[in-house]
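Q: Okay, here's what each chain looks like letter by letter:
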Amino acid sequence: MSVSLIGLIKAAILNGTPLLFGTSGEILTEKSGNLNLGVEGLMFMGGAFGLIGPVIYGNLAGDQASGALAVLIALICSFGVGCLGSLIFSFLTITLRANQNVTGLALTIFGTGVGQFAGELMRIRVGGNVTVSNALKSAFADPILPEALRKIPVIGEIVFGYNLFVYLGVIMVIVMAYFMKRTRPGLFLSAVGESPATADAAGVNVTKYRYLATVIGGGISAVGGMVYTMTIAGSVWNHQGLSGEGWVAVALVIFCLWRPINTLWGSALFGGLLILYLRLPIPFLPTQIYKVVPYIATALVLIFVSLRQRREDQPPAGLGLNYFREDR
Amino acid sequence: MTEKVPLIRLAKREDMARSRIWLIRLLAFVLALILGGLVFVIAGADPITAYSTMVAGSLGKVTGIRQVVKVAVPLLGTALALAPCFAMRYWNIGAEGQITMGAMMASFFALKMVNAMPSPVLLIVMGISAALMGALWAGIPAFFKAHWGTNETLFTLMMNYIAIGIVGWLQGGPWEGKPGSQIIPMFDEKAVLPSVFGVHIGWIIVLILTFLMYIYMTKTKHGYEIAVLGESENTARYAGMDVRRVMLRTACLSGGIAGLVGFMICSGADETLYQTVAGGVGFTAITVTWLAQLNPFAMIAISLLLAILSKGASTIQTTMGVPASISDIITGIILLCMLGCEFFINYKMIFRGHEEHPLAPTTAQNTEVPGVSPEAVKEVKA
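Read top to bottom, the protein sequences are chains E and P.
Each residue of the first sequence is one higher than the one before, counting from 1 in the numbering used here.
Each residue of the second sequence is one higher than the one before, counting from 1001 in the numbering used here.
Simulated from the structure, these hints should not be mistaken for laboratory data.
Don't take each hint at face value.
Not everything, but these chain E residues come out facing chain P in the computed CB check (under 7 angstroms) [stated by the list, open to error]: (1) A98; (2) N101; (3) S133; (4) P286; (5) I289; (6) V292; (7) I303.
We put the beta carbon where it would ideally sit given N, CA and C, even for glycine.
Bound-form chain P, shown alone (with noise of 0.2 angstroms):
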């Protein structure tokens, strides 16, 4: 034995037992509340009151929890449509301006055609319309990227800064209310979403579409060439899929929910058209997509919490004068952990000496937990 042995090796794993996976992820979340404790404790606020408040602003009371409701629509819904996309590895970071530029569309039947049809047909004309904006939108920068390999990632993040811009314009121009009031008049009562339990049914609709997301990706054979795609491209196109038309096909469609989260957005919620429609939903979204690891029905989880965080954080900045963007730092400590997580279930870390030997019984304290020996996992790299 001349060659040094490193102090710690790194083997992959698959075989970590569901509920070993959980507890990790479980500690993992209480490190980032902990961490962000630490926060509240800078601004000199009791990080277990200020939990509490948070909850109690949250969750105590029935206006509090249709608030909540109310943040997580769109963050599901966004999250739902990115799935796609992210198993095939395709980065659309551009839902922000898919939202934008479908509840623009949504507003112009909302604004112009509000005498030509009733209620329940102008509502259907909204979300189609404001679905196929959200396609188109997502779609370019998807045909240019599976004829020519252009970066989607920046294009798409190109595309929200120019589709906010084209509202920022309707805003303050040809759609303004009063003039030089820079904004858009409310919608006619029959452009507006109708209410089931105090809260818009965009709700309902991102819960059927939850379930219509998870058979999309799990039991038809699109979901199968979207997986197979984001394995590799080349697998797929050995297999026979035509790779350009699976990702122009999967971009749209992912565009059109987003877009139609903008309907549901501007019709549901606000009423009438803001440049601020998205207002951070599409990248929040990314991260719930991830966090849930493309499963959709743990994107229902995912996005209450935020949602929660969110509503909590502008609950203590009216009672304790701690900043709301407080929960900004939280729901980024709790990410930036959970993703530092996977790394402890994927891997397994053999320390020197502790190697398998045939004879010797397996070592059971290789798997340390995240937050509890961060020195360790320092070393890894060296």
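Isolated chain E (complex conformation) (with noise of 0.2 angstroms):
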């Protein structure tokens, strides 16, 4: 029993990784006031690029292809291609003023457009599988830390057996987490979001704060698409594997109430949820009823934050809605 636990709780802090950098991404953003709903679309991009970029350094390296290097291709490639998409996002809403929800949603469809498009045309092009040499699946598949540790009984696995993107995400949502609650920076982020206007008062650039904090933000979420066909996919592309989840990470921002650090077990227990059925199926509840436990969690949340009204726990007062001085 405790070594099925802990299979379990292990396969759902891996699945509940890429949701990590999705939601992480997605709450730097929501937190300058943007709500940035093409998160779908972003990580569909970065998941699309994660996997190209490595796999055109693999046949230009060909055996001696290294893979920290393929590693950081990836991340590169992941991150830029998400910093590109929520840049236009931020130039549309920011600097265009269009409405939030409907550009999040057409970039959504650019984006899910842009990552099929480049991963079938990839697959054209190889003529099979788009796919990287086993020896640079291992890179971002396998466990880093030394094998000593995670002999250690009971908690070696639990604790050391991840592979590099576990430890990379942890460690950028605390950082992210010290930065919104502890930095000058950070606090001036989360008045631009709470009310730009009272921000630019006080003489703090909201355009630029949005900006920032809106690509930056698309570029980690992208990074969680990267992180899923990386390592849950297994390095191969599949056009399917993406869907819904940049929906997921967008919905477990709220569940995490803006908080980064609630990332760290709120996404566990999503990318548990998801799995759960596969792991632990429960006699006459059936799968596809079993898949909806998360979202109506959600749903539930939802409601539950919004009857218990605490101040704390409330979105950014100034989520989704542009700001325009002139309006003043």
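Hints in hand, dock the two standalone chains.
A: Below, the structure written as structure tokens:
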């Protein structure tokens, strides 16, 4: 029993890592008052280009390909493409003042299109599965900490048994939480999201904060897509694999009450719920209904949060609203 | 003059001539097609051949046109469903789920009650039950929004997944046809919508709906209440409107129409129920509604355009080997360009040194068209 429980927790954390990136990126974005519903598109783009980068590198370098470099390339490709995508969003909503909901959805359509197109095109060019060599695959998906640590009883596997991205994600989230709570720019960012007019009057450059938070947040979300394709999907392009992941990430932002630190357990919980039906079948509960549990949980959290009306649990007050100084 | 004058200032405008507005939109559309052409170049295809193949594939033959209409019908219907919600600034992004639940209810009658009544009665019962189910599905988030301000954008989104899960369960479980097939059997022909000119009569229904929605939005008390509520909730309250009731009523109407669309898809196009019955229509329709600026007649044109793109893309996938997902890219680019171009319609840019002095003639070059001067636009943010 304990072995299967450890296995379940481990699988939940691994499966939750793409969500960890997707959600924390979106939290950064939403903290600035921008509701970017394009996360689904960003993660698709990140997933496709985060694979294509290492594939091209692997083909060029042949046997000499270094795993570390491939990981770095994947990170840069996915982060870069996510930044570009959310730059489009920022330009349209911040500078051109387009509606955020609609722009986000347009970005989702565009981004899933780009991701699918790039993946399919690659498949046609390669003439088969788009993938990297086994050596490179293991650089992405294998545990990175020394064997000795993993041999520690009970906690060994559950604490030290993960691939690089789990630890990277945890560090990133802790840094983000520190940034938001303890640094001046982090507090300014909250001010911009809560009340842009007040922040503007206090001399904070609202436009700059919104641009930076949205672009970097989009980049982080896209890395989540890359983590999905390179670890969970086994470094193979599958054009259905990522669908829905970005929307779950958007939902998880609410579940985590806009606090980065909550994504640590939130993403593991959702990562677990998404695969629980495979690991822990409940008699008489159909799989399809089982799979819906995370979404019901999110809906309940939404209701609960709005019923309780605690001020610190609310979304940023300026969320989804564009700010025009001239309108004041 | 000690204060630094910014390079570009912005001012709202409401005085642009209609011809000029349409010129800007046309230019944005052309720009989108050019950007889409670049994607074809990346894919190694000649953009002009590709575009003409798309048009020929979708409009060149009668079968192509029929398929375009088939794709456009649910898109238009759902866009109409969303219009009153958006006019109210209520972000219903749950049309996908409302379509699915509507289709499920219609399918229940099509599968289980097929022998209980004659065909026309059966179809009417299917349609009504689908609309009621869609309304119920939209009503749940609206109820919470109206009473406690629960975020409707995300709640309606969650309702999509729940609906799709329920149908997935029915498809693989209680309603499964052959054991293990994971497919619901085809409807009896009594439960299938009749065709006119080779397309199920859904197209007539949505055209009637277009007209009715136009009347509803512009000529009725309900439409007026929705418009006021969309402008300002406080104004609506001071004017004595029952905000909760208006919100709930509008969301249910929206869900009802979406449910009816679900009925049309399963009974008219698919002739069975799939888990993916909505197939993304609920999301794409949001952009149709918005691009049409809530004008029902403009929605006809835009849903047809998107349908042509998607049909054309499947043609070039088979003939030119370009992945069909290019239609999503082009749709996305068109949407993004159209969203961006509204800025140039609603605002005017006043460049430094070009202020409108009382004596100087007004400057006409202030209104740049989109795409011509992106550098200038970027500096607005500075």
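Q: The structure should be examined with respect to each hint, and the outcome stated for every one.
A: Here is how each hint holds up against the structure:
At its closest, the beta carbon of A98/E sits 4 angstroms from a beta carbon of chain P; the interface hint therefore holds under the 7 angstroms criterion. Because the closest C-beta pair between N101/E and chain P is about 5 angstroms apart, less than 7 angstroms, the hint holds. Taking 7 angstroms as the C-beta contact cut-off toward chain P, the hint placing S133/E at the interface is violated, the least distance being around 25 angstroms. At a threshold of 7 angstroms, the smallest CB-CB gap from P286/E to chain P is about 5 angstroms, leaving the interface hint in force.
About 5 angstroms separates the beta-carbon of I289/E from the nearest beta-carbon of chain P, less than 7 angstroms, and the hint is met. Interface hint at V292/E: satisfied, since its Cβ lies 3 angstroms from the closest Cβ of chain P, which is below the 7 angstroms cut-off. About 6 angstroms separates the beta-carbon of I303/E from the nearest beta-carbon of chain P, less than 7 angstroms, and the hint is met.
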